[in-house]
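Participant: The numbering of the sequence shown is the UniProt record's numbering, which starts it at 1 and goes up by one.
These are computed hints drawn from the structure, not numbers from a lab.
Among these hints, one or two may not hold up.
Here are the simulated DSSO-like cross-link-like pairs (lysine-lysine), alpha carbons at most 30 Å apart as the crow flies [as the list claims (entries may be wrong)]:
1. Lys199 to Lys116
2. Lys326 to Lys199
3. Lys31 to Lys97
4. Lys236 to Lys116
5. Lys199 to Lys233
6. Lys49 to Lys116
7. Lys31 to Lys15
8. Lys233 to Lys181
Taking CB as the label site, the calculated pair distances span [what the hints assert, rightly or not]:
9. Asn292 to Val201: 46 to 56 Å
10. Trp306 to Thr264: 47 to 57 Å
11. Glu4 to His103: 34 to 44 Å
Just so it is clear, CB atoms sit at the ideal spot from N, CA and C, and this is done for glycine as well.
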Amino acid sequence: MLIEEAHENGARYSKACEVVGISHRTLQRWKQCGLNDRRKGSKKTVVRKVPQETRAEIINVCNEPRFRDLTPYEIVPQLLEEGRYLASERTIYRILKEADQLHHRSESRVRHRHSKPPERRATGSDQVYTWDITYMARTIRGLFFYAYVIKDIFDKSIVGWSIHAEESERHSRALFERVLKGRRIQLKAVHADNGHPMKGVSLMGLLQDLNVAVSHNRPRTSNDNPYIESLFKTMKYHVTYPRAFDTLADARQWMADFVHWYNTEHLHSSIGYVTPHQMRYGQAEAIFEQRNDAINRARELHPERWGSRPAKQWIINREVVLNPDKK
């Protein structure tokens, strides 16, 4: 009205618009489309919006003793059976969230999120060990022997093992005492599953006295300990592995033979198809040099078979990381 009054008194529309703080194009649009404010963030009348009194009723209903432990997906059907409809399940969720009442509302336990185990890095042997216990079936159905196995993540060798008829932290401590006794090594960390034999007080006390950091898997997350799980698969799928063992002596004898084969004969893929002992005692580097010399000579004799591609070079992995941090 002010702009029209100024225009009738001789002012130009553009100058009158500048005075009130709008553009001439805005004035033209208002004349064509009306004065509804369609700018983003402006107040609008939403026809489908739940009235304030209904929102208050929804909150009160959800907090009734019979509904306070139920979800909206459980509340809405019961209200419909009573001939009442307040809002959809999704709308009730949204209203509860706005009222800061969207919390744990059931009798089940609250889910706990477990953080990922810390990263462990090994640049040489006897720096980081990983260990676990696996079942070995007996000929008596439902009974088992238990294999305690410790593995070095750098060279993949089995550094200690024992087999018993039960799981016990006493056996765990005895195994680590035997492995570490009298050895001058700089063991930095040990990673294991989160069972009782792995977290027993006596074992934790021993490792703490040696200033060894200890970490454990998250519950039901075997991927946190992949190296030992891979070892157990190799063990159970070995051609000589029996379906079951008659006696504890039989299980120990088979395990002794398997460990000898694994450490001294098994060509491990993750360390370049050398044995764990060759990697552990520094023989792998000479083996890799021999392989590289052979393949380089072959490429010189028959360059057409490689073309412009370089010959594969065997290289020792100088660092192994368990549970790497993803940044």
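Participant: Indicate, hint by hint, whether the structure satisfies it.
Facilitator: We went through each hint and held it up to the structure:
With a C-alpha separation of about 17 Å, the suggested pairing of Lys199 with Lys116 holds against the 30 Å cut-off. In summary, the hint linking Lys326 to Lys199 is supported, as the alpha carbons are separated by about 27 Å, within the 30 Å threshold. Proximity of Lys31 to Lys97 is assessed by CA-CA distance (about 41 Å); at most 30 Å being required, the pair is judged violated. For a cut-off of 30 Å, the pair hint linking Lys236 to Lys116 stands: about 28 Å separates their Cα positions.
Among the hinted pairs, Lys199 with Lys233 is consistent with the structure: their alpha-carbon atoms are about 24 Å apart, no more than 30 Å. For the suggested pair Lys49 and Lys116, the alpha carbons sit about 43 Å apart, so the restraint of at most 30 Å is broken. About 17 Å separates the Cα atoms of Lys31 and Lys15, which keeps this hinted pair within 30 Å; it holds. Straight-line distance between C-alpha atoms of Lys233 and Lys181 comes to about 29 Å, which keeps the hinted pair within the 30 Å bound.
As the Cβ distance of Asn292 to Val201 is approximately 50 Å, the hint placing it in 46 to 56 Å holds. A beta carbon spacing of about 34 Å between Trp306 and Thr264 contradicts the range 47 to 57 Å that was offered as a hint. Distance hint check: the CB atoms of Glu4 and His103 are about 56 Å apart, inconsistent with the given range 34 to 44 Å.
Going down the numbered hints, you'll see the structure goes against 3, 6, 10 and 11, while the others check out.
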